[in-house]
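Enquirer: Take a look at the letters that make up each chain.
Protein chains: 2
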Amino acid sequence: MTQAPTAAVLLIGNEVLSGRTKDKNLGFIADYLAALGIDLMEARVVADDEADIVAAVNALRARYTYVFTTGGIGPTHDDITADCMARAFGVGISHHPEAVAILTAYFKEMGREANEARLRMARIPDGATLINNPVSRAPGFRIGNVFVMAGVPRIMQAMMDALAPQLVRGEVVQSVTIEYLGGEGDVAKPLGAVQDQFTDVTIGSYPFEHTTGFATNLVLRARDRVLLEEAVKAVEAMAESLRVAGKNRGWRRV
Amino acid sequence: MTQAPTAAVLLIGNEVLSGRTKDKNLGFIADYLAALGIDLMEARVVADDEADIVAAVNALRARYTYVFTTGGIGPTHDDITADCMARAFGVGISHHPEAVAILTAYFKEMGREANEARLRMARIPDGATLINNPVSRAPGFRIGNVFVMAGVPRIMQAMMDALAPQLVRGEVVQSVTIEYLGGEGDVAKPLGAVQDQFTDVTIGSYPFEHTTGFATNLVLRARDRVLLEEAVKAVEAMAESLRVAGKNRGWRRV
Numbered sequence: 001m002t003q004a005p006t007a008a009v010l011l012i013g014n015e016v017l018s019g020r021t022k023d024k025n026l027g028f029i030a031d032y033l034a035a036l037g038i039d040l041m042e043a044r045v046v047a048d049d050e051a052d053i054v055a056a057v058n059a060l061r062a063r064y065t066y067v068f069t070t071g072g073i074g075p076t077h078d079d080i081t082a083d084c085m086a087r088a089f090g091v092g093i094s095h096h097p098e099a100v101a102i103l104t105a106y107f108k109e110m111g112r113e114a115n116e117a118r119l120r121m122a123r124i125p126d127g128a129t130l131i132n133n134p135v136s137r138a139p140g141f142r143i144g145n146v147f148v149m150a151g152v153p154r155i156m157q158a159m160m161d162a163l164a165p166q167l168v169r170g171e172v173v174q175s176v177t178i179e180y181l182g183g184e185g186d187v188a189k190p191l192g193a194v195q196d197q198f199t200d201v202t203i204g205s206y207p208f209e210h211t212t213g214f215a216t217n218l219v220l221r222a223r224d225r226v227l228l229e230e231a232v233k234a235v236e237a238m239a240e241s242l243r244v245a246g247k248n249r250g251w252r253r254v
Numbered sequence: 001m002t003q004a005p006t007a008a009v010l011l012i013g014n015e016v017l018s019g020r021t022k023d024k025n026l027g028f029i030a031d032y033l034a035a036l037g038i039d040l041m042e043a044r045v046v047a048d049d050e051a052d053i054v055a056a057v058n059a060l061r062a063r064y065t066y067v068f069t070t071g072g073i074g075p076t077h078d079d080i081t082a083d084c085m086a087r088a089f090g091v092g093i094s095h096h097p098e099a100v101a102i103l104t105a106y107f108k109e110m111g112r113e114a115n116e117a118r119l120r121m122a123r124i125p126d127g128a129t130l131i132n133n134p135v136s137r138a139p140g141f142r143i144g145n146v147f148v149m150a151g152v153p154r155i156m157q158a159m160m161d162a163l164a165p166q167l168v169r170g171e172v173v174q175s176v177t178i179e180y181l182g183g184e185g186d187v188a189k190p191l192g193a194v195q196d197q198f199t200d201v202t203i204g205s206y207p208f209e210h211t212t213g214f215a216t217n218l219v220l221r222a223r224d225r226v227l228l229e230e231a232v233k234a235v236e237a238m239a240e241s242l243r244v245a246g247k248n249r250g251w252r253r254v
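Heads up: the sequence lines are chains A and B, in that order.
Just so you know, we're using the numbering used here here: the first sequence kicks off at 1 and counts up by one.
Just so you know, we're using the numbering used here here: the second sequence kicks off at 1 and counts up by one.
Hint data in this document are derived by calculation from the structure and do not stem from the laboratory.
Among the hints, a few may not be true.
Heads up, the list lumps identical chains together, so a pair's fine if it works in one copy or across two of them.
As the list claims (entries may be wrong) - Straight-line alpha carbon distances no greater than 25 Å define the calculated DSS-like cross-link-like pairs of lysine-lysine that follow:
(1) Lys-189 to Lys-108
(2) Lys-233 to Lys-108
(3) Lys-189 to Lys-24
(4) Lys-247 to Lys-24
(5) Lys-22 to Lys-233
(6) Lys-24 to Lys-108
(7) Lys-108 to Lys-247
(8) Lys-24 to Lys-233
(9) Lys-22 to Lys-247
(10) Lys-233 to Lys-247
(11) Lys-189 to Lys-247
(12) Lys-189 to Lys-22
(13) Lys-108 to Lys-22
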C-alpha cells in the first residue's frame with residue numbers, strides 16, 4: 001500500500017492564545033483531511049510573531065506532505081503571514097497581478113476605495129499560486145506544499161473547497177466505535193492484548209460520563225476494512241466476555 | 001517591570017487530530033492563564049506517539065516558564081504520556097506510593113478491583129509531584145516546569161484549580177475591544193499608525209460579519225492601564241474621524 005499523504009495545521013494569531021477566540025478551524029480541517037484520506041499528524045498555534053511563524057512553517061513543511069495555515073492575511077498591520085511565508089521560503093513578495101485584478105474589481109463592485117491597505121491583500125510571495133475566496137475575494141495562496149488561508153471560519157472553509165482538488169488523496173481511514181458501559185480500568189488489559197494482536201489497527205479508549213456511570217468509547221481505526229472488522233469482532237468478543245463476568249453494564253457498536 | 005511568566009500548551013492525543021474530538025481544553029487553559037497574568041505563547045497538538053511527544057515537550061519546556069499538557073494519563077495501552085515525560089526528563093518511572101494509596105482507597109470505595117491496569121495510573125516519573133484530581137482521583141503530576149493533566153475537560157479543569165497555587169503569576173493583561181462597523185481596509189492604515197505610536201500596546205483587528213455588513217473588532221491589549229486607555233482614546237478618535245468622513249457606520253467600546 002502506498003503511504004498516505006500527511007499534513008500539519010498551523011493556526012496563526014494572538015487571539016486564540018489570549019483566549020479571546022475559541023478556535024474552530026482545527027476541528028474543521030481535521031474532519032476535512034480525514035475525509036480525503038490525508039493523515040493530520042500535528043497542529044501548532046503561534047502568535048503574530050514573524051520569527052515564530054517562520055520557524056513553525058519551516059519545521060512543518062519539511063516534515064509533512066502538506067501544511068495548512070489559517071490567519072493573518074487581512075489588510076491590517078497585524079496581518080504578517082504573507083511576508084512570513086516569503087521569508088520562510090526565501091523568496092520575494094510583490095503585488096500579484098491576478099490578485100490585484102480580483103480585488104480591484106471587487107472593491108469597485110462594492111463601492112470601496114482600492115486603497116493601499118486593501119491592496120496589501122494582493123501581496124503574494126513570488127512563485128505562489130492563488131486560492132480562490134468566493135466569500136470576500138481576497139485570495140489565499142499556495143507556496144510549495146503550504147496552503148495559506150484566512151482565519152475567518154467561513155472564508156477558510158470556502159478556501160478548503162477551492163484548494164481540495166490540488167491535494168493528493170489517500171485511502172480513507174475507516175473507524176468503528178464501541179460504546180462500552182464500564183470502567184476503562186477493567187477493559188485496559190484485554191484491550192491492550194487486542195491492540196498487540198492487530199498492530200495495523202489503531203485502538204483508542206476515550207472515557208466519558210454516561211448516564212449509567214463511567215463509560216468509555218473504544219475507537220478502532222484502519223484503512224483496511226477487512227482487518228478492521230476482524231479487530232472490531234475481537235473487541236466485541238472481549239466486551240461480551242467482560243459483560244458475562246459482570247465487569248460492564250453492556251456495550252454496543254455505534 | 002518584571003517579565004511576565006510564559007507558557008505553552010501541549011495537547012496529546014490522536015482523537016483531536018483525527019477530527020473525532022473537537023478540543024475544548026486549549027480555550028479553557030488560555031482563559032485560565034490570561035486571568036493569572038501568564039502569557040500563553042504557543043500550543044501544539046501531537047498524536048499518541050512517543051518520539052513526537054518527547055520532542056514537543058522538550059522543545060517547549062526549554063523555551064517557556066511553564067508547559068501544560070493534557071491527555072494520555074489513563075489506564076489503557078494508548079496512555080503513554082507519563083512514560084514520555086520520564087523519557088523527556090531522562091528519569092525513571094515507578095509506582096508513586098501516594099498515588100497508589102489514593103487510587104487503592106478510591107477503588108475500594110467504588111467496589112472496583114485495584115488491578116494492574118488501574119494501578120498503571122499511579123506510575124509517575126521519578127521526582128515528580130502529584131496534582132490532585134477531585135473528580136476521578138487518578139492524579140496528574142508536575143515534573144520540572146511541566147504540568148501533566150488529564151484530557152477529559154472536567155478533570156483537566158479541576159486539575160488546573162489544584163495546581164494554580166504553584167504558579168508564579170504576572171500582572172494581568174488588560175483588554176479593550178472597539179466594535180467598529182466598517183471594513184478593515186479603511187481602518188488599516190490609521191490603525192497601523194496608532195500601533196506605531198503605542199508600541200507597548202498590542203492592537204489586533206478581527207473582522208466579523210455584523211447584521212449591518214462587514215465589521216471588525218479592534219482589540220487593544222496591555223498590562224499598563226493608563227497606557228492602554230491612551231491608546232484606546234487614540235483608536236476612538238480615529239474611528240470617530242472615519243465616521244464623520246462617512247467611512248464607517250459607527251463604532252462603540254464594548
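Enquirer: Now tell me, hint by hint, if it's right for this structure.
Expert: Going through the hints against the structure:
no. : hint               : in the structure
1   : Lys-189 to Lys-108 : between (66 Å within a copy, 19 Å between copies)
2   : Lys-233 to Lys-108 : neither (62 Å within a copy, 32 Å between copies)
3   : Lys-189 to Lys-24  : neither (35 Å within a copy, 29 Å between copies)
4   : Lys-247 to Lys-24  : neither (38 Å within a copy, 31 Å between copies)
5   : Lys-22 to Lys-233  : neither (39 Å within a copy, 28 Å between copies)
6   : Lys-24 to Lys-108  : neither (32 Å within a copy, 41 Å between copies)
7   : Lys-108 to Lys-247 : between (69 Å within a copy, 15 Å between copies)
8   : Lys-24 to Lys-233  : neither (35 Å within a copy, 32 Å between copies)
9   : Lys-22 to Lys-247  : neither (39 Å within a copy, 30 Å between copies)
10  : Lys-233 to Lys-247 : within (19 Å within a copy, 65 Å between copies)
11  : Lys-189 to Lys-247 : within (13 Å within a copy, 66 Å between copies)
12  : Lys-189 to Lys-22  : neither (37 Å within a copy, 27 Å between copies)
13  : Lys-108 to Lys-22  : neither (34 Å within a copy, 40 Å between copies)
The structure fails hints 2, 3, 4, 5, 6, 8, 9, 12, 13 (numbered hints given earlier, in ascending order).
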